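Per full-length UniProt numbering, residue 1 is the first one in the sequence shown, and the count goes up by one each step.
If you're looking for bench data, these hints aren't it; they were derived computationally from the structure.
Bear in mind that the values here come from a model prediction, so they are computed numbers and not experimental data.
Don't be surprised by glycine CBs; every beta carbon is placed ideally from N, CA and C.
All clues stand as given, with none of them false.
Derived Cβ-Cβ restraints for the label pairs, each shown as a range:
(1) 91 / 16: 29 to 39 Å
(2) 43 / 74: 19 to 29 Å
(3) 74 / 29: 19 to 29 Å
(4) 21 / 93: 31 to 41 Å
(5) 21 / 45: 15 to 25 Å
(6) 95 / 39: 17 to 27 Å
(7) 39 / 77: 13 to 23 Å
In the EDC-like style, the derived pairs of lysine to aspartate or glutamate whose C-alpha atoms are separated by at most 20 Å in a straight line are:
(8) 90 / 38
(9) 87 / 36
(10) 90 / 36
(11) 87 / 38
(12) 99 / 36
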Amino acid sequence: MRTLDRFPPDLAEALGASGWTANRQIDVQPLVAALELEGHQVHSLAREVFATLSGLSLEPVGGIGPNFFNDEPFNIDPILAGSGQLKTVKDVESILRGKY
Numbered sequence: 001m002r003t004l005d006r007f008p009p010d011l012a013e014a015l016g017a018s019g020w021t022a023n024r025q026i027d028v029q030p031l032v033a034a035l036e037l038e039g040h041q042v043h044s045l046a047r048e049v050f051a052t053l054s055g056l057s058l059e060p061v062g063g064i065g066p067n068f069f070n071d072e073p074f075n076i077d078p079i080l081a082g083s084g085q086l087k088t089v090k091d092v093e094s095i096l097r098g099k100y
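Input sequences plus hints: build the corresponding full structure.
This is the structure in structure tokens:
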């Protein structure tokens, strides 16, 4: 399990404000099952990340910057990120000649 002290202070603050704690654990089985149903192989580290970060919504630290404008939260949603992406994963593996 990861702890807040492993993150830079500004990230730890943003995670804490979103409701994350070092002992946060959610049931990842529904997320893993949905991704595996599509053909993904879910690594144990991904399961750990899902268990501690899934479902959090981080508000922007700086809404206006020199290179961007962003007032949208960053939502951590493994299904939204992974669903429908298996073909892309396979293409990348083929190009890079690896298994990721």
